[in-house]
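Chains as they are written, first to last, in the numbering used here: chain A, 1 to 200; chain B, 1001 to 1302.
None of these hints come from the bench; they were simulated from the model.
Computed from a prediction, not measured in an experiment: that's the story for all the values here.
Where is the CB? At the ideal position from N, CA and C, for every residue including glycine.
Incorrect hints may appear among the rest.
Said to hold, decoys possible - Quick look at which bits of chain B chain A covers, simulated, 3 or more residues with Cβ under 8 Å:
1) 1037-1046
2) 1055-1061
3) 1207-1214
Unchecked claim - In silico negatives: residues of chain B with every beta carbon more than 12 Å from chain A:
4) Leu-1009
5) Ala-1023
6) Asp-1178
7) Trp-1185
8) Gly-1188
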Amino acid sequence: MLNRDDARKFHESLLEWLDDAYNLARWLMRDDHEAQDAVQEAFVRAIRFAGGFRGGDRRAWLLAIVRNVCYTQLARSRATATTIMFDEEQHPGANATDSDPAAVAISQNDRQALLHALEALPMEYREAIVMREMHGLSYKEIADAADVPIGTVMSRLARARDRLLLALGGRTSASAAEPSAKPGDSSGNSGKGGRLRQVR
Amino acid sequence: MNCEEARTLVHAYADGELALESALEIERHLAECAGCARERASLAALSAALGDPELQYSAPPALRARIATAIADAFDEGAAPAEADRGGAAHVRWWRRGRRRSIAAFGAGFGANLGWALAGAACALLAVATINVNPVSWRPFGAAARPSASRAALENEVLASHLRSLMPGHLMDVTSTDQHTVKPWFNGRIDFSPPVNDFAAEGFRLIGGRLDYLDGRTVAVLIYQRRKHIVNVFVWPAGESGESTIDSTAMHGFNLVHWRRGGMNVWLVSDLNANALRDLARLLRSESTPASIPGSASVPPA
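Please model the complete structure; the sequences and the hints are all you need to start from.
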């Protein structure tokens, strides 16, 4: 257990990441009030379990708590059944790799399309992409937070990006809609984990 | 490396997660294969787009305030959980919007302390909400244990009032950006005439006014806005004459500024940064004229 002063410093330092916590919760819950509830609950838990913090990145630790609270809250509410039961095998990502080069530069006008596409992503994809692209978490940190193998994080990120690029490219390039030939590879670590840089 | 392998690994490469050897391999492939290079460029563009701050949500000020207060109070009042126990669970349920399990489930240690602090904060906020019913008995944030009417207690009151004003429907009684609408609105409602000026040109837009209760009396509140930040300006007649300089403090992530001049006590509170808040303070202070001396109006309090 931390001593009192350390604990206080620790808790106050958590506040530095309140915007991160709220952003993640807001993208996962897609609702301001639900997100605020989740963040409050996450801070209560973070403080309660502060003694269990054993080094590593505190922000990633806090975000993992936020993520877990969001899942718990969603599990209590209606929409969950469809979200949690989402089957990656049944929803192969579209492949946007052959899209027109013009689609590469994503304009301000496409921000709205991106926002909608991001909100429309399955929860598992959305959390991976938000943690990676907005919060800069490593694959290892995302895998720990979501309690899945790193290979699954990789395939979720790849699928999420394919969908986002498709949503954006779909506006500027018809060729982006070309169906995917990519085989489903969500089976976890399909050998490619060995190519990743060593993490701890 | 072939294209199929490259398309699988290009994500990890773009994310800086590939081991050096594989990174070099894929770089060689990207140099030769236009299709895969385009994929790499698409990922970079997508990354840049997702990094757009416009897509990021910031925590609402009220949430920040609740959590900051809860953390501070977990330490300030952690020693007296029994006191906060009275009626605490019901209030906490309100605070947690009635959808969570009971406070008892929070467990031991800091969680328990925080829980009690939340109960205390909820009590304080409820007390604020019912202020018109029983104003005298109210002291915010468990301030009853502190010296009454002290500077710290007043700061607490000012902050509590600011937080309450941020709750939906509590900010303004009169909504107007026109100082000639806001100023007369106070006539007949309070026994003094607060100085009302719009500083839109300087970046502080007057958006309205309301009455509030501070330091044991009804006070005038002017509300200014700078971008998304709300500034509450509390004004009431000073019991004593004389002037003070502009004096700043920070509490729970909010900035408070105070001075006394022209017979008026003035408090500013906002989540705005300290420098910007002092800019507004200087503007307001330079506009406080002797014309607004207390007692110039003889209308009884509303």
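(Q) Count the residues of the segment 1055-1061 of chain B whose Cβ falls closer than 8 Å to any Cβ of chain A, and tell me whether that reaches three. (A) holds (count 6)
(Q) The output says Gly-1188/B does not contact chain A. Does that hold with a beta carbon cutoff of 12 Å? (A) Holds, because the least Cβ-Cβ distance between Gly-1188/B and chain A comes to about 38 Å, which exceeds 12 Å.
Q. Per the stated criterion, does the least C-beta distance between Asp-1178/B and chain A lie above 12 Å, as a non-interface residue requires?
A. holds, 31 Å
Q: Determine whether the non-interface label on Leu-1009/B survives the test: each CB of chain A must be over 12 Å from its CB.
A: violated, 6 Å
Q) Taking a Cβ-to-Cβ distance below 8 Å as contact, does the segment 1207-1214 of chain B have at least three residues touching chain A? A) The restraint on the segment 1207-1214 of chain B is violated, since only 0 of its residues have a Cβ under 8 Å from chain A and three are required.
Q | Beyond 12 Å from each Cβ of chain A, as asserted for Ala-1023/B | A | violated, 8 Å
Q) Is the Cβ of Trp-1185/B farther than 12 Å from every Cβ of chain A? A) Check passes; 31 Å lies beyond 12 Å.
Q: State whether the coverage of the segment 1037-1046 of chain B by chain A holds or is violated, taking the criterion as 3 or more residues with Cβ-Cβ distances under 8 Å.
A: Result for this restraint: holds, n = 7.
Hint compliance for this structure: hints 3, 4 and 5 are not met, and every other hint is.
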